[in-house]
Amino acid sequence: MVNFIDFLFFFYMFVGLYMLSLFIFIYLPNRLKVFYFPNGKVEGVSIIMPCYNEAPHIGEAIESLLSLDWPKDKLEIIVVDDRSTDNSVEVIKEYERKYDNVRLIVNSRNSGKAAEPTNIGILAAKFDYIAVADADSTPRKDALKKMIGFLQEDKRVGGVTCAVLAARPETFMQKIQAIEYAVIAFNRKLLDLIDAVYVTPGPFALYKKKVLIEVGLFDTKNMTQDIEIVWRMLSKGYIARMSLATKVHSVTPRGFRLWWKQRIRWNIGGKQTLWKYKGLIFKKGMLGLFIIPFFSFSLFLGVFGLGLFVYLLLKRLVVTYLSTSYSIYASSAIVTFQDLTFAPSILNFFGLVLFLLGLSFTILGLVIINDDHVKKSNVFNIFFYLIVYLAIYPFNLIHSLYKLAVGKYSW
Amino acid sequence: MVNSKQAFWQALVFTILIFVLGIFLGFFLENSRSDTLQLRLLNSEVNLLDEQLRNRVTDDLNVECELAVESTFNFADKIYSEAVNLEKYDSASTLGDDLKSIHRRYDLLRTLLWLESIDLRDRCGEDFHTVVYFYDYATENIEVSAKQNFYSRMLEEIKANHQKEMLLIPIAGNMNLDSVDLALNNYNIEKLPVILINEEIVIDEVLMFEELEELIFNS
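Line order of the protein sequences matches chains D and X. Quick note on my numbering: the first sequence kicks off at 1 and runs consecutively. Quick note on my numbering: the second sequence kicks off at 1 and runs consecutively.
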């Protein structure tokens, strides 16, 4: 009969297959509509860009906002400096002098997070639509045109995100993240099709100002204010949309250490948000019926799966270590032909099917996103992403839970 | 836009279908493996009966011992390779218990072969050595697993070096078979794995390759 460990494997595979199937069943009937965007009216948009020590990027970021395909009299750019210690303020002041629609606000203190300067910018904004942009991101020129219609066509829509893709990936780590970002963008569009967009990422998102004010602006205590704000909107009956027809390119961490630190922050923010809204599970629309259970379940599966993996790996390693030690002591063979033979079990077949489905889904996502940087992805990078990169994630999850538990975290 | 609830249910039904199909395929795969082994087992059982008859013929008609020993070795090698396949399929078996009962029958067959080999040695002198390896079937104990891996490799290597001098008979010692339990009691074997050499020497510790070789061939 099926033993407990095999049962767990079957369970994980069932969940994995279900999630993949769900995305496929969302995609298939909507495949011709994923790039749909409603044509919106041109209305005033205030773009808020929080900034802290961004001197090397801030000029390029302001330039990219100025070059947005949007009338200049309907666009203001508010850069809110969070007491940078480099020459960011001088760079921004240059732009303020040069362009009428660029404004600099300097925060009275260093808040250490993006939420507080963003809120300051929102309150100072003169237009009814608020775009929030990161200082290291460059939206495509058509971004506002292809996003604003979502806010105008449906009263329930409080925020819109677009495809966030990796900017100029150079290192191996950045190339892997380029694949990840593209797959996430595709997934997020599919979630949009079931009203389950759960984040409007910082690189570029558009909101209704009155909704932001009504829900109480960005949470200054949360590590991922861009997730929390959407959950708060959802809890108040609003929804977020995703425009796959436009993109923003964002700088990704170059190396493993920075990447790890960034993901710790994302994970901590995600858990903070999950904890804050835990009471809404199974209660409030897609937030309570899908997003919160999905996050909770993923957390449980990630932690438990890692525990199971470590247990089985350690057991195998100890057995191999002991038997190899005996063989070395006895001066006998360490490996024999029998050790190399293998009869695949039904679990291996299930695993293979799941991997092939996952691979096909990833490739489908990359083809649909069709970004120049992603097109250069080679087969090795895709396999590395699926087999190694995704497997590292549960370790980061555990580390972030530890940091959250001991209160050792910062932006 | 698709109805969200519809996609959730569609995915659930699809996943269940794929899973049921997969489980059926799994049963089919494991059954086909067990059928193959059953067939081989039947052949081996017939071969053993043939072997027993042949031993009687050897006795009654004074057929040369050399022929009888060669035939026993061929048979032992055959069921050894079948046992290797059985272990491989058994470790990959997830859904059913068929292979466990086949395993028990193989253990009986190997026990019979062992007893036949004792008779043969009595009749034909001690031209070959019998090594019975009693192991723990499906153990979860780390130390036992490690020791069994070590013993299996070492015995396989010794067998490869002494094809025609050593009869290697692995038998699972914890399959609730009275005959095997009696044999284990007879040698006061309480813990597995154990190597029994020529029905005289019981080895249950880690020892050097040369030492084991020496014990098998020069004891």
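Some clues are possibly wrong.
Unchecked claim - The calculated lysine-lysine pairs, modelled on DSBU-like cross-linking and capped at a C-alpha distance of 30 Å, are: (1) D:K210 - D:K261; (2) X:K191 - D:K315; (3) D:K315 - X:K88; (4) D:K261 - D:K408; (5) D:K208 - D:K41; (6) D:K41 - D:K210; (7) D:K315 - D:K145; (8) D:K209 - D:K315; (9) X:K164 - D:K315; (10) D:K315 - X:K159; (11) D:K221 - D:K403; (12) D:K261 - D:K155.
What the hints assert, rightly or not - Using C-beta positions, here's what the derived DEER-type ranges look like: (13) X:N85 - D:I392: 35 to 43 Å; (14) D:L314 - X:D50: 43 to 51 Å; (15) D:R156 - X:F24: 16 to 24 Å.
Since the hints were derived computationally from the structure, they do not count as laboratory data. If you're wondering where the values come from, they're calculated on a predicted model, not measured in any experiment. Using N, Cα and C, we set each Cβ at its ideal position, and we do this for glycine too.
Checked hints:
For the given pair, D:K210 sits about 34 Å from D:K261 by alpha-carbon distance, which is inconsistent with the 30 Å threshold. Restraint check for X:K191 and D:K315: the C-alpha separation of about 21 Å stays at or below 30 Å, so the hint holds. Between D:K315 and X:K88 the CA atoms are separated by roughly 19 Å; this keeps the pair inside 30 Å, and the hint holds. Taking the CA atoms of D:K261 and D:K408, the gap is about 12 Å. The hint holds against a cut of 30 Å.
Restraint check for D:K208 and D:K41: the C-alpha separation of about 14 Å stays at or below 30 Å, so the hint holds. A threshold of 30 Å between alpha carbons decides the hint, and for D:K41 with D:K210 the separation of about 18 Å falls inside it, so the pair holds. For the suggested pair D:K315 and D:K145, the alpha carbons sit about 57 Å apart, so the restraint of at most 30 Å is broken. Simply put, D:K209 and D:K315 have alpha-carbon atoms about 56 Å apart, too far for the 30 Å limit, and the pair is violated.
In summary, the hint linking X:K164 to D:K315 is not supported, as the alpha carbons are separated by about 37 Å, beyond the 30 Å threshold. At roughly 29 Å between alpha-carbon atoms, D:K315 and X:K159 fall within 30 Å of each other, so this suggested pair holds. Distance check on the hinted pair: D:K221 and D:K403 sit about 15 Å apart at the alpha-carbon level, within 30 Å; holds. Pair hint D:K261 plus D:K155 does not hold up; C-alpha atoms about 38 Å apart against a cutoff of 30 Å.
Remark: the range hint 35 to 43 Å for X:N85 to D:I392 is upheld by a beta-carbon distance near 38 Å. Roughly 48 Å separates the CB atoms of D:L314 and X:D50, a value that falls within the hinted 43 to 51 Å. At roughly 45 Å, the beta carbons of D:R156 and X:F24 sit outside the given window of 16 to 24 Å.
Consistency with the previously given hints fails for numbers 1, 7, 8, 9, 12 and 15, ordered from lowest to highest.
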